[in-house]
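Chain by chain, the residues run as shown.
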Amino acid sequence: MSDRFISRGFEGKRRQQPATAGRVPPGQYLTDDFPVLSAGPTPRMPLDQWTFSVEGLVREPVSWSWAEFSQLPVREYTADIHCVTKWSKLDTRWEGVSVDTLIEAIDLDPRAMYVTAFCDGGYTTNLPLPDVLNNQAFVAYRYAGQPLAPEHGGPARLVVPHLYFWKSAKWVRGLRLMEVDKPGFWESLGYNNRGDPWKEQRYWGD
Amino acid sequence: MKQPISWQIATVTGIHPETPRVKTITLTLPAWLPHRPGQHYDLRLTAPDGYQAQRSYSIASEPERIGEIDLTIERLEDGEVSTYLHDVVQVGDQVEVRGPIGGYFVWEKDLGGPLLLIAGGSGVVPLMAMIRHRFVAKSKTPTKLLYSSRSPEDVIYASELDSLGMAGDGFEVIHTFTRSQPANWRGYARRIDQQMLRETLTPIASVPLAYVCGPTRLVESVADGLVQIGVPPERIRTERFGPTGGTL
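First to last, the sequence lines map onto chains A and B. Start counting the first sequence at 1; every next residue gets the next number (our numbering). Start counting the second sequence at 1001; every next residue gets the next number (our numbering).
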């Protein structure tokens, strides 16, 4: 085991302030920036062609236009977010629609155990259904009082703050409910299937 | 297949300055694995009281180099790990690492091309692993590196890129210098823009496979520019790092 390894001459600079102690998961550091990470170009989807769908194991798939989605009950969220690339950002402010609200709009098949978020640009990420229920996840379209910028996932992104931020799919266009789990984009490329930052589940086998 | 990627204690066997702000550190690994060019390692430092800091660093070396890796590290003024690696670490020291990690921003010769590599500043590091692999594996894939630096002094791997560019195997380097240029410089002296992308791309006949790495602003504008001049989005792979306010 490497538990006793000490890096010669390393003291560490950014020690946690008492106010933030307990809010930064292992291996993370705090940033005031909002870094941008994505695997390809930023998709540009015109709002008049944008829809959000809930499909898969549902009796009747549902789809909202942007105008309809904007009429759904909106909530404000303040969340700490944690990126697998090691940065964390505290007290981010979002406005969006709870995934509970979206799921309530459909007749959920009781066999549905998992959900895949699918996105413009082809990105996907998979989550156990319980991870997106009970107000743990929302589809955000405003950040810090402004419309969500394209590089941060606008017009809308999924936000699941209690998991590493790659689960918070940018440019999200819908949720697919499934009986069997199916690894998404990063989950197929070496990243952990669940991604709990407090357990430091960064990669396969963590 | 899903074995844990374990931490291992690597030994620093070489330190090589690249520019005033960038060093390459060679690590010898007890449990070395061949990486895919473009992948990274996580590096972890531990203080005597147990405090730890982790960062990810791209591998600069090619996988054909057995048993060791090069990590090329830019010193960030307000950094915690990069300042330690620059100011404290000496040959013979040990650091904890785990990897290789990452499965999308990678290129191996079987992926073909033609390759368009676009770097801003230290974003050249993962691309250098691809370039070195391409050369050592004797790939003839037509490859261009468009590389934006502030000044000639900031060019990482300058002399190696020069000689690879003269190897006559289809590799070409195009520099742009955004702040200061060499005397009598006739090349690009501005940020990468759509015209520059078009000029770089024109001699490449078929649809390129593009890898873009650097500060967010550069990657966003280059990836947008490539889409606008007709490169299919699925042929453009991006990786962003460095401070978000980067100006390259």
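If you are wondering where the hints come from, they were derived from the structure by calculation, not from laboratory data. Heads up, a few of these hints could be off.
[Said to hold, decoys possible] Residues from chain B shown here face chain A by an in silico Cβ test under 7 angstroms; the list is partial:
#1 Gln-1054
#2 Gly-1103
#3 Phe-1135
#4 Leu-1164
#5 Gly-1165
#6 Met-1166
#7 Thr-1176
Note that the Cβ used here is the ideal one computed from N, Cα and C, for glycine as well.
Going through the hints against the structure:
The criterion of a C-beta within 7 angstroms of any C-beta in chain A is met by B/Gln-1054, whose closest approach is roughly 4 angstroms, and the hint holds. At about 3 angstroms, the closest approach between the beta carbon of B/Gly-1103 and any beta carbon in chain A falls short of 7 angstroms, and the interface hint on this residue holds. Because the smallest distance between the Cβ of B/Phe-1135 and any Cβ of chain A comes to about 26 angstroms, over 7 angstroms, the interface hint for this residue is violated. The criterion of a C-beta within 7 angstroms of any C-beta in chain A is not met by B/Leu-1164, whose closest approach is roughly 27 angstroms, and the hint is violated.
Among the interface hints, the one on B/Gly-1165 is violated; its C-beta lies about 28 angstroms from the nearest C-beta in chain A, farther than the 7 angstroms criterion. Look at B/Met-1166: its Cβ only gets to about 33 angstroms from chain A, farther than 7 angstroms, so that hint breaks. About 20 angstroms separates the beta-carbon of B/Thr-1176 from the nearest beta-carbon of chain A, more than 7 angstroms, and the hint is not met.
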